[in-house]
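Which chain is which? The protein sequence lines are A and B, in order. Everything in the first sequence is counted per our numbering, starting at 1 for the first residue and increasing by one. Everything in the second sequence is counted per our numbering, starting at 1 for the first residue and increasing by one.
Hints are computed from structural coordinates only; laboratory data are not their basis. Be aware that a few hints might be false.
To give a feel for the contact side, a few chain B residues facing chain A, derived at Cβ under 10 Å [said to hold, decoys possible]:
1) Ser58
2) Glu67
3) Glu175
4) Arg197
5) Gly239
6) Thr243
7) Asp272
8) Gly276
9) Gly317
All residues carry an ideal CB built from backbone N, CA and C; glycine is no exception.
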Amino acid sequence: MHRVPRLLLVFMLVIGSMLAVATASAQDEEEDLRFVMVTHGQAADPFWSVVQRGAERAAEDLGVTVEYQAPTTFDMVAMSQLIDAAVASNPDGLVVSIPDADALSPSIQAAVEAGIPVISINSGAEVADELGLMTHVGQTEYEAGFGGGQRMGAAGATEAICLIHEAGNIGLEERCRGFSEGLAETGGTGEQLVVDLNNPTEAQQRIEAALTSNPDINGIMALGPTGALPAMQAIEAAGVGDRVQLATFDLSPEVLQGIQDGTVLFAIDQQQYMQGYLPIVFLTLYQRNGNVPADDVVLTGPGFVDSSNVDQVIELVEEGTR
Amino acid sequence: MSVSDSKAGESGLRRDERLRQTGLIRGTLLRPEVGAIMGAAALWAYFAIVAGDRGFLSWRGTISYLEVSAQLGILSVAVALLMIGGEFDLSIGSTIGASGMIIAIASVNYELNLWLALVVSLIVAIAIGLANGVLVRWSGLPSFIITLATLFIIRGLTIALTRIETGRTQLGGVEDTAGFDLARSVFGSDLQLFGTRFPVSILWWLGLTALATWVLLRTPFGNWIFGSGGNEQAARNIGVPVTRVKITLFVGTAVAAWLVAVVQVISTTGADVLRGTGQEFFAIIAVVIGGTLLTGGYGSAIGAAIGALIFGMVRQGIVYAGVDADWFQVFLGGMVLIAVLINRYVRKRAMEAR
């Protein structure tokens, strides 16, 4: 029986050394300031790995420590528990994304009450102020749509459609509302078209029908790469590439290729690298210098990718910072 | 056998080997949960050393991992009973999502009293458990396959029906429904203890563990569970209603999933169609770490509760230790591997010792 404890000893040693390896790498450069970032972005999500890289780079540049945590699945309960643990570990600052304010508010409130400076990123702009956060760093839907509308108007679009790919998604409707009002600045009009992306063929035909039935349409705003693809195909199928200009939210290899080929006018980039980098800068400035940003929302977007900078952006995408 | 016979002969006593007394220490070491208890103690000591000054030892830190453990523990205790009974249930994660969404839709969109919404969702959960159990027994197929199918069916239905009904995938506003305050005090309240909140879900976890342990060790139904999982044919021959036992156990896991959904909906005041994703595997991990065998017929509810405690400590502990979240799954898998190796070893020794 004396072999059982020995086996357990091995058990402890193995787990211990596994953890030691990881803690060693995390604590190598133990600094005076330690920030924890809890987001809903899983490690394998390319969007969030750019955010994480931004935060790590900021930590390196500033000589502070950043620990990145995210639930293994999109699980707001698990995420709120991670925030609880982060708060209990008493960091010098906390960075969170707030995709579900109902579920996360109690945990975030506990952080604020414990006197920890908190910054929200990416999602949660509408609740950040109310929760007493230092600021929000991200792209707001309406403003991004507005910027896109202005830019499309400047490119000569007078009558455009905004492709909603999820009926009832308030964020998407806000983008379209902003787009229409941005377009109105140059006298253009924007209308919504709801398409179902679960059926790309049907979506393409729907867009094609809209383009051929109304020869005045000369602009399309897609709300994401998944909506941009059927729009590209519809424009090609209808043979209206000279007349209709296409723009989209967010980057993807196909969209970047389209910008290079001239089939896509521009893409709206929320520049999420800054959503990782800036909060670490703000928190460090707060702790070292007592500075607080004055804006309730610090906008990282809309940034624009068009033919003038697409080559550079493609390079940076490969480096993992765009 | 021959060893113990000869020993009995040496001591001059002609006792049946089945009645042979095991020494207290050996008896304790052979309990299924003993490895898990020592593992939990070792992990706690480890985090206390590495992250003690980072809040792991604080009351708030303790509560944060106990809360994670409690929600998984409620599941893992029910799953332990099912696995001792020789079956799997992979659909519990989806059942959490479905139950939560039913509660939110019924109470927010249809303005039912929250308690009525809880009853409605409980009925659906029981129906899911019955469906799993009946399908497994009727088809004779492994429950792994049947519940793998229901995992996707239930999750898909939850997403599809929720979007048809509400056009969204998240629903909030449960805090404004009738009956919320009472429901909150039963399922989601935070008692004030030592100046920090103490989630009532921890009490549910401990209570269910005690109940399951009592059922397993002190009731005929507990014997039936061991029998159904150990050797179904033999159990049937001595009159154990195997089908009834197993269907009851499937209903048990579905109801446990429902309870977790209730706790989550009340504490977050909303539901999300993706809630519970992956929990079925975490629950199996907790059960296996707790010493229950995948083959059935052997295991413990206390072990499953401690498996959940270990899961919670590691999940939250790596935040205190400052380890990147990327590593969590590596530790989790490593612990499962170590736990099953230890369990196999202990079981072998247990068999030899007879």
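To see whether the hints hold, each was checked on the structure:
Restraint check, serine 58 (chain B) versus chain A: the minimum CB separation of about 6 Å is within 10 Å; hint holds. Checking glutamate 67 (chain B) against chain A: minimum C-beta separation of about 6 Å stays under 10 Å; hint holds. Because the smallest distance between the Cβ of glutamate 175 (chain B) and any Cβ of chain A comes to about 8 Å, under 10 Å, the interface hint for this residue holds. A cut of 10 Å between beta carbons decides the hint on arginine 197 (chain B): the least distance to chain A is about 8 Å, and the hint holds.
The beta carbon of glycine 239 (chain B) is not positioned within 10 Å of any beta carbon in chain A (closest approach about 37 Å), and the interface hint is therefore violated. This hint is violated: threonine 243 (chain B) has a C-beta 34 Å from the nearest C-beta of chain A, more than the 10 Å allowed. Against a cut-off of 10 Å between C-beta atoms, the interface hint on aspartate 272 (chain B) holds, since the closest Cβ of chain A lies about 6 Å away. A cut of 10 Å between beta carbons decides the hint on glycine 276 (chain B): the least distance to chain A is about 8 Å, and the hint holds.
Restraint check, glycine 317 (chain B) versus chain A: the minimum CB separation of about 8 Å is within 10 Å; hint holds.
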